[in-house]
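In case you want the letters, here they are:
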Amino acid sequence: MTDFVRAAREAAKRLAACEAKGTHAFLAWSEAALVEQAERLAKNGASGPLAGEAVAVKDVIAESQFPTTCGSKILEGWRSPFEATAVRRLREAGALVAGKANCDEFAMGSSTEWSAYGPSRNPVDPTRVPGGSSGGSAAAVAAGAVTMALGSETGGSVRQPAAFCGIVGIKPTYGRVSRYGLVAFGSSLDQIGTLGKDVTSAARLLGVISGRDDRDATSLDRIPLGEPGPAPANLEGTVIGVPREYFPEGLHAGIRAASDRALARFKDLGAEVRDVSLPHTKYAVPTYYIVAPAEASSNLARYDGVRYGPRADGGLKDVRAVYRATRGHGFGPEVRRRILLGTYVLSAGYYDAYYRKAQRVREAIRADFARVFAQDVHALFTPTTPTPAFKFGEHTADPLAMYLSDVYVCTANLAGVPALSLPIGRDQGLPVGGQLIAAMEGEARIIRIAQALERAVDATAEVR
Amino acid sequence: MRVTRTDIEKVAALAELGVDDASAAELQRQLTRILDYVAQLSEVTDDATSAVDERAARLRRDVVDPDPLSRTPKEMAPAFKDGLFTVPRLGELDRGEDAP
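So the sequences go chain by chain: Y and C. Note that my numbering has the first sequence beginning at 1, numbered continuously upward. Note that my numbering has the second sequence beginning at 1, numbered continuously upward.
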């Protein structure tokens, strides 16, 4: 047995143990597929930076061994005829695709409760959600099934589950990673992101999948980020901005205590901590919930039962009746809600009041970040989420309450800037995430700062 | 902003989405609540600073590259015949909805 095949069989044991506990992190995986990839690697003599490493891939990312369902019945069993650029780069780096990770349907959700195939469970506390939409990817890493995973972000879908599960998640700059093969949700916001058991794991994966791709016109003309450097010994000369809008009165006491402790560690490391303001922060969630559904209503028009996926015809004689039946039955409640909301805000008579207004406010949010970063602030530090992981069913009856769990993460997607979440402590046993945000293309800077904080803070210690 | 049953029917038709009676009532209530919440954007004045992202989309040569698919459209489509996707006939257009 080669080293690669041995690594594949060990990965399969870890995946089986994860799923045996009822985590439901994966929609598809198999030991046979892992071994087959390992045998191919051994035959080709792979020696890439991720040689033999098993990586989970969120099910909204096209991959050819397993179905790509996007967590939706409308694509049940559908197999992509091509692979995403990010997956191709994983393979070129010697990685094995461990399986397809569960997610909210078409990445719309913050808990995986909107997956048509049932939710994933948080490995830290199985009575609670792992976050979403990349909840399966986060749960797989937190359960120890894999050390790294691909997720995707439209409004915080990598960082929020990373925070809930006590792991690291990175949302790169818009354009840093090719979107080719990422099933489109909100095209001006979507980015593939990485999750890892620690900062270096998530950064190594980003280093491999980043870089220019001719198949995505929005891809930045930059070389891949490559391997991260070692953790810096201190942060002298680094200015950390603390936006006051992210620390309102009434902020969850555990989140505040963990954040205060992290800020004290920054000072211990020699960084300057400075109060700053991002005045349009309060408008981020309403802006996001106009822009993202508007783009989704257009992107999801392609699922009509004509070109791919199951068709609900039942003897229907009219093509438009087929469209309506296929889409009405194939999409779940959150996707239907967002398609209708998006169609509403784009419709005649409402376009200026909602969509055009939201685009202007988005520019103001972007300007807030640009102004702060122009004042010699190297990174911003905020909580990742307003609360630790919530219980199943807590927010499903009230969509707006679910949307508000994205309040600290969707700003970076609207502005296009990179951001990272890392664990900074526990509150009553539940992980708390801290967020670092940089100016455009500042991934290397926040990775370096996060590595230093990671060494200085005991993320498993209770914060109060 | 109260979303009416007529609004739901109109946008459902525009989105080609079948919505049954029970879910229409719930959607009416939920969309009203969401639109009331997003209405706070009207507080933001239009003179709020705009930041223009000066990074332009990169262009490539205008040529068709081969993009080999591992599976053909025939294998993916619910119905496919003689190189074409097949669908039921287009019914009579709904007046007022599709008319120019």
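Honestly, the hints are just simulated from the structure, not real lab data. All values derive from a computational prediction rather than experimental measurement. Virtual Cβ for every residue (Gly too), placed ideally from N, Cα, C. Please note: incorrect hints may appear among the correct ones.
Now the in silico label distances, taken between C-beta atoms and shown as ranges [claimed, not checked]:
(1) G226/Y / Q40/C: 52 to 58 Å
(2) E76/Y / P73/C: 15 to 21 Å
(3) D318/Y / E26/C: 54 to 60 Å
(4) G83/C / R371/Y: 51 to 57 Å
(5) S64/Y / T6/C: 41 to 47 Å
(6) Q40/C / S277/Y: 17 to 23 Å
(7) G144/Y / T6/C: 39 to 45 Å
(8) G226/Y / S70/C: 53 to 59 Å
(9) G314/Y / P73/C: 22 to 28 Å
(10) W78/Y / T45/C: 42 to 48 Å
(11) N44/Y / D36/C: 44 to 50 Å
(12) P73/C / E39/Y: 41 to 47 Å
These stretches of chain Y come out as covered by chain C in the derived footprint (C-beta under 8 Å, 3 or more residues) [stated by the list, open to error]:
(13) 37-48
(14) 75-86
(15) 91-103
(16) 294-308
Evaluated hints:
1. Distance hint check for G226/Y and Q40/C: the Cβ-Cβ separation is about 43 Å, which falls outside the suggested range of 52 to 58 Å.
2. E76/Y and P73/C have their C-beta atoms about 18 Å apart, which keeps the hinted 15 to 21 Å range intact.
3. The supplied range of 54 to 60 Å is broken by D318/Y and E26/C, whose beta-carbon atoms lie about 27 Å from each other.
4. Judged by the Cβ atoms, the range 51 to 57 Å given for G83/C and R371/Y holds: they are separated by roughly 56 Å.
5. For the hinted restraint 41 to 47 Å between S64/Y and T6/C, the CB-CB distance of approximately 45 Å keeps it satisfied.
6. The given range of 17 to 23 Å is respected by Q40/C and S277/Y, whose C-beta atoms sit roughly 19 Å from each other.
7. The given range of 39 to 45 Å is broken by G144/Y and T6/C, whose C-beta atoms sit roughly 53 Å from each other.
8. Distance hint check for G226/Y and S70/C: the Cβ-Cβ separation is about 30 Å, which falls outside the suggested range of 53 to 59 Å.
9. In this structure, G314/Y and P73/C meet the distance hint of 22 to 28 Å, their C-beta atoms being roughly 23 Å apart.
10. Judged by the Cβ atoms, the range 42 to 48 Å given for W78/Y and T45/C holds: they are separated by roughly 46 Å.
11. The supplied range of 44 to 50 Å is broken by N44/Y and D36/C, whose beta-carbon atoms lie about 58 Å from each other.
12. Taking the beta carbon of each, P73/C and E39/Y are about 31 Å apart, not inside 41 to 47 Å as hinted.
13. Counting residues of the segment 37-48 of chain Y whose C-beta sits closer than 8 Å to any C-beta of chain C gives 0, which falls short of three, so the coverage hint is violated.
14. Remark: the segment 75-86 of chain Y is confirmed as covered by chain C, as 4 of its residues place a Cβ nearer than 8 Å to a Cβ of that chain, reaching the required three.
15. Only residues whose beta carbon comes within less than 8 Å of a beta carbon in chain C count, and the segment 91-103 of chain Y has 0; fewer than three means the coverage is violated.
16. Chain C is given as covering the segment 294-308 of chain Y, and this holds because 7 residues of the stretch bring a CB closer than 8 Å to a CB of that chain, at least three being needed.
The structure fails hints 1, 3, 7, 8, 11, 12, 13, 15 (numbered hints given earlier, in ascending order).
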